[in-house]
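Peer 1: The chain contents come next:
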Amino acid sequence: MSVSNVLERYAATGQETCFHGRHINPQIYQGLDGSNWHLEDYQSRGGYQALKKILGVDGGAGLTQDEVIAIVKESALRGRGGAGFPTGLKWSFMPRQFPGQKYLVCNSDEGEPGTCKDRDILQYNPHVVIEGMAIAAYAMGISVGYNYIHGEIFATYERFEAALEEARSAGLLGDRILGSGFSFQLHAAHGFGAYICGEETALLESLEGKKGQPRFKPPFPASFGLYGKPTTINNTETFAAVPWIIRNGGQAYLECGKPNNGGTKIFSVSGDVQRPGNYEIPMGTPFATLLELAGGVREGRKLKAVIPGGSSMPVLPADIMLATNMDYDSISKAGSMLGSGAVIVMDDSRCMVNSLLRLSYFYMHESCGQCTPCREGTGWLWRLVDRIEHGHGKLSDIEMLDSISDNIQGRTICALGDAAAMPVKAMIKHFRHEFVHHVEHKTCMVPTQA
Amino acid sequence: MISDAIKARFARETAKYPADQRQSAVMACLAIVQQELGHVSSDSEREVAAYLDMPLMAVHEVTTFYNMYNQEPVGRFKLNVCTNLPCQLRDASKALSHLEHRLGIKMGETTSDGVFTLQQSECLGACADAPVMLVNDRHMCSFMSNDKLDRLVVELTALGGGA
Chain A
1 MSVSNVLERY AATGQETCFH GRHINPQIYQ GLDGSNWHLE DYQSRGGYQA
51 LKKILGVDGG AGLTQDEVIA IVKESALRGR GGAGFPTGLK WSFMPRQFPG
101 QKYLVCNSDE GEPGTCKDRD ILQYNPHVVI EGMAIAAYAM GISVGYNYIH
151 GEIFATYERF EAALEEARSA GLLGDRILGS GFSFQLHAAH GFGAYICGEE
201 TALLESLEGK KGQPRFKPPF PASFGLYGKP TTINNTETFA AVPWIIRNGG
251 QAYLECGKPN NGGTKIFSVS GDVQRPGNYE IPMGTPFATL LELAGGVREG
301 RKLKAVIPGG SSMPVLPADI MLATNMDYDS ISKAGSMLGS GAVIVMDDSR
351 CMVNSLLRLS YFYMHESCGQ CTPCREGTGW LWRLVDRIEH GHGKLSDIEM
401 LDSISDNIQG RTICALGDAA AMPVKAMIKH FRHEFVHHVE HKTCMVPTQA
Chain B
1 MISDAIKARF ARETAKYPAD QRQSAVMACL AIVQQELGHV SSDSEREVAA
51 YLDMPLMAVH EVTTFYNMYN QEPVGRFKLN VCTNLPCQLR DASKALSHLE
101 HRLGIKMGET TSDGVFTLQQ SECLGACADA PVMLVNDRHM CSFMSNDKLD
151 RLVVELTALG GGA
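Residue numbers (our numbering), protein chains in the order written: chain A, 1 to 450; chain B, 1 to 163.
Treat each hint with caution, since some may be false.
[Claimed, not checked] In silico BS3-like links for lysine-lysine, alpha-carbon gap of 30 Å or less:
hint, chain 1, residue 1, chain 2, residue 2
1, A, K442, B, K94
2, A, K229, A, K258
3, A, K210, B, K7
4, B, K7, A, K302
5, B, K16, A, K229
Source of the hints: derived by calculation from the structure; they are not laboratory data.
All chains should be built: construct the whole structure from the sequences, respecting the hints.
Peer 2: Here it is, written out as structure tokens:
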């Protein structure tokens, strides 16, 4: 038996995370079983009909670029990578009449702790991303695109490459797609272990073969992107939402969710739940329902806290979360952010100081070193939390954590500085008593770390 | 020495990019070198730089910036256990200590027979499968309970000397 054969038997099957049948009105994960990722499977689910519709090769009149963008605007689709920026608006910023090369980039560098939704999209439904990107390219007059995939999910990168080959062979990518006048070349690239490359300008640097250090904005990628050319970057799940929107209309998508928060969203639920996994549900679904889909909190435990949008977002205590719905505006109102949709659940056996310690180590490790407040500040934060966790802290350290966070946040080129600072501030805001206990008693107030 | 077979793989990567942007393929080329040769040596960096027509230092910057490139030789099997918070909540730290105990090494070390290197890693992007472990950069192993870790170590040890 070869090494690959042995290792394949330990690979994820998607049964637990994606094919559990516990989604609510799924669009992207609809009908998947792990084996039906091929082109013909996707087409039997209605795949590539949206592309044919806009190109007018299905016998219809086709859609203009403006019409496609108008539908996406109407859908209220917002960026699924973390920032939640309206997708149609972003597409309309692209200088379509720019005479030179323009680029389309898909951000599949999914490394925000807690997030694993894009992996399952690319692994089990890769053509939906290809079709979404082709539609976006058409709408913005772009002829070349790249999908930059997290280096750690190499099997998924290889899956996407295989899907690209299928699409090329069927004339769905390449020159004069399906006999129309529209040409689009799409390629896959991979990272190799750098959280920062999920930041869009760091990703562009990496795609250019450099260290992934973020660029100062402005200029924004729409005017100075890949190789200095106008570039639009969207998240994997954002592109994956597009074919459904074109087939069914912007209004129908909007109605799946709630005003200003259209459609479904995939939440990656991790941590102290019975069934960690990805759950695709309509925007605006109560958190309590999502928790129920994930099987509830671990047996015999109570919900303590939730980080609702990936590790960079502020933590919220159980009572606030249980009264919150899962959409951009509701979570923002509750004091955090929807981010990438990674829901990290913590039960009453968890120490918040210890949890913050691991996150602070992460941001120190992944700071690219370019901006002083982040490079120095993230290390400082980690050392202070480490001191408190291990019983050597002082009460003034807690104020110091707050003050260092304030001096990082908003003072760096990219959002990693904010991402390092926000969890610290939120942990202290909601769980200050645990930090104080660690300092005063030199021990943890949570009896068991199971 | 980078063989012609490796260069043929390089060529498939450079073909993705504009002719004047060959440097874009550096990440993929270095990953291929690592897969074929185990790590990225200074000699390999020099050859990649020549192949892509870019400064040696620019290649070295890439090797040293990204976590997954091995700048030194590693064991036949490099095991990367994610210990970030979502995994930590599902016993990833215990999985890491279990492996330390089982292999008789600390994280960051290589077994004396050169079969295993054990490392802690940051988020692998498979949080719902925790504990997760990446083997030789390209194989993600999911739901790695201590039992499964033991089984995998036995199976890989058996293959350790072979091809």
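Peer 1: Determine for every hint whether it applies to the structure shown.
Peer 2: Results of checking the hints against the structure:
1. For the proposed pair K442 of chain A and K94 of chain B, the alpha carbon gap of about 24 Å is at most 30 Å, so the pair holds.
2. With a C-alpha separation of about 36 Å, the suggested pairing of K229 of chain A with K258 of chain A is violated against the 30 Å cut-off.
3. Note on K210 of chain A and K7 of chain B: the hinted pairing holds, with a Cα-Cα distance of about 21 Å set against a maximum of 30 Å.
4. Proposed proximity of K7 of chain B and K302 of chain A is contradicted: the alpha carbons are some 56 Å apart, above 30 Å.
5. At roughly 17 Å between alpha-carbon atoms, K16 of chain B and K229 of chain A fall within 30 Å of each other, so this suggested pair holds.
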